[in-house]
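Enquirer: Chain residues, written in single-letter form:
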Amino acid sequence: MLKIENLTKTYANKVKAVDDISFEIEAGDIFGFIGHNGAGKTTTLKCVAGILEFETGQIYINGKNIKDDPVGCKSDIAYIPDNPDVYESLTGIQYINFVADIFKVTKHDRERLTEYYARQLTFTDALGDIISSYSHGMKQKLVIISALIHNPKLLILDEPFTGLDPQASFTVKEIMKDICNKGGAVFFSTHVLDVAEKICNKVAIIKKGKLVALGDIHNVMGDKSLEGTFMELAKNE
Amino acid sequence: MSNLFTLLKADLINTYKLNGFKDTANRKKAIGMSLIALLVIAMSFLYIGGAAFLVSDVLKSMQLLNILLVFAFALPFFALFMMDIYKMPSVLFSFRDYDMLMSLPVKDNIILAAKVIKLMLSGYMWQFLTGFPIFLVYCIKSDSLSVFSIIIYIVLFIVMPLLPMSIGSAIGFVVAKVSSKMKSKNIIMIIGSFALLILIMGVSFSIQNIVNEQAITDMVSSISNIESSFFLFSLYVDAVYDLNLISLLLLILIFVSPFLLFVYLFGKSFKKINSSMMETRASHSTKNVKYQTYSPVAAIFKKELNFYIHCVIYIVNTFFGMVLLLAASIAVLVADFDIESFLSELGQVGGNPGDMKLMAAAMIFGYCIMLSTPTAASISLEGKNLWILKSMPVHPKMIFKGKIALGLIVTLPIGIICSVVIYIGLGLSFMQWLTLLGYTISAGFFSSILGLFINLLLPKLEFKSPTEVVKQSASVGVAVFAGMFLVLIPMILGGSLIVSNSSLYVLIVTLTYALISFVLWQYLITKGVKRFAKL
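Heads up: the protein sequence lines correspond to chains A and B, in order.
All residue numbers for the first sequence refer to our numbering, where the first residue is 1 and numbers rise by one.
All residue numbers for the second sequence refer to our numbering, where the first residue is 1 and numbers rise by one.
Any given hint could be a false lead.
Subject to a maximum C-alpha distance of 25 Å in a straight line, what follows is the list of computed SDA-like cross-link-like pairs (lysine to any residue) [as the list claims (entries may be wrong)]:
1. Lys384(B) / Glu5(A)
2. Lys384(B) / Ser135(A)
3. Lys64(A) / Leu8(B)
4. Lys464(B) / Ile130(A)
5. Lys290(B) / Glu88(A)
6. Lys107(A) / Tyr291(B)
7. Lys530(B) / Gly137(A)
8. Lys22(B) / Asp85(A)
9. Lys87(B) / Asp143(B)
10. Lys397(B) / Tyr60(A)
11. Lys464(B) / Tyr134(A)
12. Lys534(B) / Ser135(A)
13. Lys534(B) / Gly137(A)
14. Lys302(B) / Asn151(A)
15. Lys534(B) / Ser133(A)
16. Lys139(A) / Val312(B)
17. Lys290(B) / Tyr11(A)
18. Lys290(B) / Lys16(A)
19. Lys14(A) / Leu504(B)
20. Lys16(A) / Lys397(B)
21. Lys464(B) / Glu88(A)
22. Lys139(A) / Leu305(B)
23. Lys460(B) / Ser22(A)
24. Lys3(A) / Val91(B)
25. Lys464(B) / Leu113(A)
26. Lys471(B) / Ser56(B)
27. Lys64(A) / Lys464(B)
28. Lys471(B) / Asp85(A)
29. Lys384(B) / Glu53(A)
30. Lys460(B) / Phe532(B)
31. Lys302(B) / Ser133(A)
32. Lys87(B) / Lys290(B)
33. Lys271(B) / Lys530(B)
34. Lys139(A) / Thr467(B)
35. Lys139(A) / Lys28(B)
36. Lys28(B) / Gly28(A)
37. Lys290(B) / Glu5(A)
38. Lys60(B) / Lys16(A)
The hints are simulated quantities; they were obtained by calculation from the structure and are not laboratory data.
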């Protein structure tokens, strides 16, 4: 589903935000990406989503190279950022229609999926409201609905639980499992290690741009909790 | 008092980005902005002071130099009045840092005082820029200048901003309150802004026209009438020129008492007013939920258009050219103006006595279209939302098309209508109209594509408010100047040279714009795409 080979991303100030990382996510995986603030999680996610360019390495989505076929790759994925910055002057439904138009979702499908996910996330009443009137959590819900509108094969989420109410957090976790059960995959970053421990089957821990742990969650944790493992790795400079 | 100083200091540092000098990464930018500010001050002194200087000799010969005092008072007074109506909603009502400030253990009236003082400081700046150069000329030219006149001027300088601020606040409050209840609040703001801009242009045009002696003589009588008819002006002249203390006290009373009333009334309900203005509607509008499908380019265009019509500052800055064109076209059609003799005078100056109607019309059309370049800000305005377009399966070429379509919808419909109006108003031949129509369409494409090209080269993606992009970004400035340069130069050349066939000349310029547009478009869909990916 997703294959990252020797990815390196350097910013203009010569700092390597991501330093030669490689891993693979297969269909059915819920892959947790864990690290401190500024460790390189968001940069990696943005490179995979085709938002940031990178100088070395390769990213393949369903066998397609993001550099060679960005439009093809992006058709298969959905990206949900940590901060739901969306077009504030649109209404929720206008934004969903906009995303659906770009992904060429039929009228029937967009109606069905919008109604389904809006009901799941208790968002139906807010669909016709202007986005600038939304709270942070409501914007997050809107971005999630619009991301799911084209049935993505790979869902990329950056800190997806920030700002969500408990019910919405639960629903998002259920949606993540559902995507994997249907043969898709989920790649998400989080600081909430309890959640990662409960729902992920694979994790990677990134520190200063380098992977310090990778693999099946039980192998990474060993006989400790994910939090214990993370704290131990964080201490070892 | 220390709280007031702390709040004021933090607000001023934040507003005027004073930390830029300390921050090594932004020092160059801060120095650049300071130089621009100095340039604005110099330009203001040169322009306003220069105009005052030009008329001063005539006024002096007529023993009416004190008319300058009327200008020194009236210009900043009305400028502040208009500015306060415009600025007040964002400074005193629903201001950005309201939540943060109100959560601090500081009295409400201290917060209000900090905001009011900040506004007063900006009032003094405006007064310094617009009124002080005129007073300076008065001081230089006056033979009987008393030191008391200067002291009284300084006293009135200090209290004068209080009156426009109080009235402006009251009107600004009513406008903000009424418009917050209305669905079409942007329309009120847009119409108000266009009216203000046209007024400023009118005043500016009048100042330019008063440098000839006859015009000054004509104006003096009307200004003398204004001076006597508007009591504030006569009180001001009495106080500063005649050193009349009663007039001075009366003026101070007039300036200060509405302000004290405003502070008393507003201070009592500061929190209540702001809380009510920040309320959002709790009811939901489910009837707006409609599922419509569009092509990707149409969807991007719709998104652009939606933002455009919701962003007052964007419309005001990029639609003003077309409003001017429409006003000018209608004026040509309905006003009793001898265009033939005007153009023949222009022809004598330029050495081309031939038919200059088409050339003049094309120049004005081109000028107005180049003022209307929303694409020069459209990539920058994506700002924090750029991730949306960049993560979508859409080729940047389509994004460019959607953005250019917005530029065309701004310029072409009104441009085409105006070409018909001008065709009738100027009595152009059918071929001349066709040429003008072709020129309008070509200039519309040229302006949109050029704007996008420049914005791609000079993007400004980090900003707090769209105003920073639309009014202050390098891209918009360069696009407007480049566009005007590319309109005015060929037309001035055409007017100055002996052009026997103006239709052919305009046609050549039209084709040149089309060619440049094509070349820029080719750049956009090749190297521009790569540049967009790097944003």
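Enquirer: Taking the hints in turn, state whether each one holds.
Expert: Structure-based check of all given hints:
{"no.": "1", "hint": "Lys384(B) / Glu5(A)", "verdict": "29 Å, violated"}
{"no.": "2", "hint": "Lys384(B) / Ser135(A)", "verdict": "17 Å, holds"}
{"no.": "3", "hint": "Lys64(A) / Leu8(B)", "verdict": "56 Å, violated"}
{"no.": "4", "hint": "Lys464(B) / Ile130(A)", "verdict": "20 Å, holds"}
{"no.": "5", "hint": "Lys290(B) / Glu88(A)", "verdict": "18 Å, holds"}
{"no.": "6", "hint": "Lys107(A) / Tyr291(B)", "verdict": "6 Å, holds"}
{"no.": "7", "hint": "Lys530(B) / Gly137(A)", "verdict": "34 Å, violated"}
{"no.": "8", "hint": "Lys22(B) / Asp85(A)", "verdict": "30 Å, violated"}
{"no.": "9", "hint": "Lys87(B) / Asp143(B)", "verdict": "40 Å, violated"}
{"no.": "10", "hint": "Lys397(B) / Tyr60(A)", "verdict": "23 Å, holds"}
{"no.": "11", "hint": "Lys464(B) / Tyr134(A)", "verdict": "19 Å, holds"}
{"no.": "12", "hint": "Lys534(B) / Ser135(A)", "verdict": "31 Å, violated"}
{"no.": "13", "hint": "Lys534(B) / Gly137(A)", "verdict": "30 Å, violated"}
{"no.": "14", "hint": "Lys302(B) / Asn151(A)", "verdict": "24 Å, holds"}
{"no.": "15", "hint": "Lys534(B) / Ser133(A)", "verdict": "32 Å, violated"}
{"no.": "16", "hint": "Lys139(A) / Val312(B)", "verdict": "23 Å, holds"}
{"no.": "17", "hint": "Lys290(B) / Tyr11(A)", "verdict": "43 Å, violated"}
{"no.": "18", "hint": "Lys290(B) / Lys16(A)", "verdict": "46 Å, violated"}
{"no.": "19", "hint": "Lys14(A) / Leu504(B)", "verdict": "56 Å, violated"}
{"no.": "20", "hint": "Lys16(A) / Lys397(B)", "verdict": "31 Å, violated"}
{"no.": "21", "hint": "Lys464(B) / Glu88(A)", "verdict": "14 Å, holds"}
{"no.": "22", "hint": "Lys139(A) / Leu305(B)", "verdict": "21 Å, holds"}
{"no.": "23", "hint": "Lys460(B) / Ser22(A)", "verdict": "33 Å, violated"}
{"no.": "24", "hint": "Lys3(A) / Val91(B)", "verdict": "51 Å, violated"}
{"no.": "25", "hint": "Lys464(B) / Leu113(A)", "verdict": "35 Å, violated"}
{"no.": "26", "hint": "Lys471(B) / Ser56(B)", "verdict": "34 Å, violated"}
{"no.": "27", "hint": "Lys64(A) / Lys464(B)", "verdict": "38 Å, violated"}
{"no.": "28", "hint": "Lys471(B) / Asp85(A)", "verdict": "23 Å, holds"}
{"no.": "29", "hint": "Lys384(B) / Glu53(A)", "verdict": "17 Å, holds"}
{"no.": "30", "hint": "Lys460(B) / Phe532(B)", "verdict": "13 Å, holds"}
{"no.": "31", "hint": "Lys302(B) / Ser133(A)", "verdict": "20 Å, holds"}
{"no.": "32", "hint": "Lys87(B) / Lys290(B)", "verdict": "37 Å, violated"}
{"no.": "33", "hint": "Lys271(B) / Lys530(B)", "verdict": "50 Å, violated"}
{"no.": "34", "hint": "Lys139(A) / Thr467(B)", "verdict": "24 Å, holds"}
{"no.": "35", "hint": "Lys139(A) / Lys28(B)", "verdict": "37 Å, violated"}
{"no.": "36", "hint": "Lys28(B) / Gly28(A)", "verdict": "52 Å, violated"}
{"no.": "37", "hint": "Lys290(B) / Glu5(A)", "verdict": "43 Å, violated"}
{"no.": "38", "hint": "Lys60(B) / Lys16(A)", "verdict": "71 Å, violated"}
Of the hints listed earlier, those the structure fails to meet are numbers 1, 3, 7, 8, 9, 12, 13, 15, 17, 18, 19, 20, 23, 24, 25, 26, 27, 32, 33, 35, 36, 37, 38, in rising order.
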